[in-house]
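Q: Note that the numbering used here has the sequence shown beginning at -4, numbered continuously upward.
By construction, these hints were calculated from the structure, which means they are not laboratory data. A hint or two may mislead.
Claimed, not checked - Calculated cross-link-like contacts (lysine to aspartate or glutamate; reagent style DMTMM-like; alpha-carbon spacing at most 25 angstroms):
(1) 79 with 48
(2) 5 with 26
(3) 68 with 34
(4) 68 with 26
(5) 50 with 26
(6) 95 with 22
(7) 101 with 65
(8) 75 with 92
(9) 50 with 77
(10) 68 with 48
(11) 95 with 69
(12) 75 with 26
(13) 73 with 106
(14) 50 with 104
(15) 68 with 51
(16) 95 with 65
(17) 75 with 47
(18) 50 with 34
(19) 101 with 51
(20) 101 with 69
(21) 95 with 26
(22) 95 with 77
(23) 79 with 65
(24) 75 with 56
(25) 5 with 47
(26) 79 with 104
(27) 75 with 65
(28) 101 with 88
(29) 95 with 56
(30) 95 with 71
(31) 95 with 55
(32) 101 with 71
To be verified - Label-pair distances were calculated between CB atoms; the ranges are:
(33) 47 with 16: 36 to 42 angstroms
(34) 6 with 93: 48 to 54 angstroms
(35) 79 with 21: 33 to 39 angstroms
(36) 76 with 37: 15 to 21 angstroms
(37) 9 with 66: 35 to 41 angstroms
(38) 56 with 93: 23 to 29 angstroms
(39) 55 with 86: 38 to 44 angstroms
(40) 101 with 14: 55 to 61 angstroms
Think of the CB as a built atom: it goes at the ideal place given N, C-alpha and C, for glycine as much as any other residue.
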Amino acid sequence: MVVRRDVREKSAVPLENISEHIVELFERIQDNLFQRALDYRQTNTRTAASYEEFKEIIADEGGFIFAHWDGSKEIEAKIKQETKATIRCLPLEDRSETGKCMVTGKPSEQEALFAIAY
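Whenever a hint applies, use it, and build me the whole structure from the sequences.
A: Printed below as a string of structure tokens:
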């Protein structure tokens, strides 16, 4: 008997095929967990056009927030102090539309991904 912990399915597997079955099962589990993580990230990612909107999203919904930032350590520290949110990453995918820093209004070439670490 084999039980998948990710979906709680049980299945009977003959001993002579157990090696192949386990390899396939691990691949299916990995694919399922990866897809669930992608779905969770997509569902819980928002974009804020202003600092007020950013603060509302952080306070009410949490999750991940894309927002333009001027790139300075001072503004990063201000955001962290006021909201507890920090930059989680600077995305590698092309989100390079120009905009304005949500805090200062200065030109910004890139969005950062913010979130609160728990």
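Q: Check whether the Cα positions of residue 5 and residue 26 lie no farther apart than 25 angstroms.
A: 18 angstroms, holds
Q: Does the alpha-carbon distance linking residue 95 and residue 65 stay inside the 25 angstroms limit?
A: Holds, at roughly 8 angstroms.
Q: Keeping to a limit of 25 angstroms between CA atoms, is the pair of residue 95 and residue 22 held or broken?
A: Roughly 43 angstroms between the alpha carbons, so the hint for residue 95 and residue 22 is violated.
Q: Is the hinted pair residue 95 and residue 56 satisfied, with a Cα-Cα distance of at most 25 angstroms?
A: Roughly 23 angstroms separates the two Cα atoms, so the pair holds.
Q: Given the proposed pairing of residue 95 with residue 71, does the C-alpha separation stay at or below 25 angstroms?
A: Distance ~15 angstroms between residue 95 and residue 71 Cα, so the pair holds.
Q: Next pair to validate is residue 75 with residue 56; report whether the Cα-Cα distance is within 25 angstroms.
A: 17 angstroms, holds
Q: So if I understand the rule, the pair passes when the alpha-carbon distance is 25 angstroms or less; does residue 75 with residue 65 pass?
A: Within the cut-off at roughly 14 angstroms; holds.
Q: Assuming the hint says 15 to 21 angstroms, is it satisfied by the Cβ distance from residue 76 to residue 37 or not?
A: 29 angstroms, violated
Q: With a cut-off of 25 angstroms on the C-alpha distance, tell me whether residue 101 and residue 51 pass.
A: Distance of about 21 angstroms is within 25 angstroms: holds.
Q: Between residue 75 and residue 47, is the straight-line Cα distance small enough, at 25 angstroms or below?
A: 14 angstroms, holds
Q: With a cut-off of 25 angstroms on the C-alpha distance, tell me whether residue 75 and residue 92 pass.
A: 24 angstroms, holds
Q: Take a quick look at whether residue 50 and residue 34 sit within 25 angstroms of each other, Cα to Cα.
A: Cα-Cα ~24 angstroms, so holds.
Hints 3, 4, 5, 6, 12, 21, 25, 33, 36, 37, 39 from the list above are not met by this structure, while the remaining hints are.
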